[in-house]
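Engineer: Residues per chain are reported as follows:
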Amino acid sequence: KAGVTQTPRYLIKTRGQQVTLSCSPISGHRSVSWYQQTPGQGLQFLFEYFSETQRNKGNFPGRFSGRQFSNSRSEMNVSTLELGDSALYLCASSLAFKNTEAFFGQGTRLTVV
Amino acid sequence: LAKTTQPISMDSYEGQEVNITCSHNNIATNDYITWYQQFPSQGPRFIIQGYKTKVTNEVASLFIPADRKSSTLSLPRVSLSDTAVYYCLVGDSNYQLIWGAGTKLIIKP
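Protein chains in written order, with our numbering: chain E, -4 to 108; chain V, 54 to 162.
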């Protein structure tokens, strides 16, 4: 059974640009959550999607958005990038909404210069 | 809002039992308490979760007192490969998931 796949693995962007990250969950999993991980702030919850609807949202500005498609694949978008957005972005999939037994991808390392 | 507290780091030796405690207040009354393990350059990996008392699986045990204000992850007979960061995860009454800051566990030979 394939795991959670995140693309791309590494990304370098310039301040002010926008970026889209992709996540393919485990087959059969309908919930996808996104996290930002930085050395100083640890794991910060961004949002969770279930059945194409955002069900929960963390405390991030509106520049961070996401969506989920009918095949459960998800994308997150960050607009007007800031230096502080440099982080590891992790996607996790689970069978159901707010299921804390989740499976994480390897993440996308975003560097904003 | 729920708040979690874990030790920043711990050291132990191969073959020892390691206990990592997470303190958490204002957590949701009917949510699981969950623990994850993370190696460098990888996403966190689910270890164990429980609601109350004691839960054991093939890799760890989880102890949760009746008041659910803390939980203790117990790793029996650790090896060098258990060197990682360990996170506790709880839910609060506002349906938010709160991650601990992580405990960096270093196992020495």
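Treat the hints with care, as some may be off.
Here are the simulated EDC-like pairs of lysine to aspartate or glutamate, each with C-alpha atoms no more than 20 Å apart in a straight line [as the list claims (entries may be wrong)]:
(1) V/K105 <-> E/E96
(2) E/K8 <-> E/D80
(3) V/K107 <-> V/E70
(4) V/K56 <-> V/D120
(5) V/K161 <-> V/E67
(6) E/K52 <-> V/D84
(7) E/K93 <-> V/D84
(8) V/K56 <-> V/D145
(9) V/K161 <-> V/D135
(10) E/K8 <-> E/E47
(11) E/K93 <-> V/D135
(12) E/K8 <-> E/E77
(13) E/K8 <-> E/E96
(14) E/K52 <-> V/D145
(15) E/K52 <-> E/E70
(16) V/K157 <-> V/D84
(17) V/K107 <-> E/E96
(18) V/K56 <-> V/D84
No lab work stands behind these hints, which were simulated from the structure alone. Everything numeric in this text was worked out from a predicted model, so none of it was measured.
Engineer: For every hint, state whether the structure bears it out.
Structural biologist: Verification of the hints:
1. Under the criterion of a C-alpha separation no larger than 20 Å, the hint pairing V/K105 with E/E96 is consistent with the structure, at around 16 Å.
2. Under the criterion of a C-alpha separation no larger than 20 Å, the hint pairing E/K8 with E/D80 is consistent with the structure, at around 10 Å.
3. Taking the CA atoms of V/K107 and V/E70, the gap is about 16 Å. The hint holds against a cut of 20 Å.
4. With a CA separation close to 15 Å, the supplied pair V/K56 and V/D120 stays within the 20 Å bound.
5. The straight-line distance between the Cα atoms of V/K161 and V/E67 is roughly 6 Å, inside the 20 Å bound, and the hint therefore holds.
6. A threshold of 20 Å between alpha carbons decides the hint, and for E/K52 with V/D84 the separation of about 18 Å falls inside it, so the pair holds.
7. Between E/K93 and V/D84, the direct Cα distance comes to roughly 10 Å. Compliance with the 20 Å bound is thereby established for this hinted pair.
8. Using a Cα cut-off of 20 Å, the hinted pair V/K56 and V/D145 holds, with the two alpha carbons roughly 9 Å apart.
9. In summary, the hint linking V/K161 to V/D135 is supported, as the alpha carbons are separated by about 10 Å, within the 20 Å threshold.
10. Between E/K8 and E/E47 the CA atoms are separated by roughly 28 Å; this puts the pair beyond 20 Å, and the hint is violated.
11. This hinted pair does not check out: E/K93 and V/D135 have alpha carbons roughly 27 Å apart, beyond 20 Å.
12. A threshold of 20 Å between alpha carbons decides the hint, and for E/K8 with E/E77 the separation of about 10 Å falls inside it, so the pair holds.
13. A hinted pair counts as satisfied when its Cα atoms are at most 20 Å apart, and E/K8 with E/E96 does not qualify at roughly 32 Å.
14. For the given pair, E/K52 sits about 14 Å from V/D145 by alpha-carbon distance, which is consistent with the 20 Å threshold.
15. Between E/K52 and E/E70 the CA atoms are separated by roughly 15 Å; this keeps the pair inside 20 Å, and the hint holds.
16. A C-alpha spacing of about 25 Å is found between V/K157 and V/D84, which places the hinted pair above 20 Å, so the restraint is violated.
17. Restraint check for V/K107 and E/E96: satisfied, since their Cα atoms lie roughly 17 Å apart, inside the 20 Å limit.
18. Only pairs whose Cα atoms come within 20 Å are accepted, and V/K56 paired with V/D84 is accepted, the gap being roughly 15 Å.
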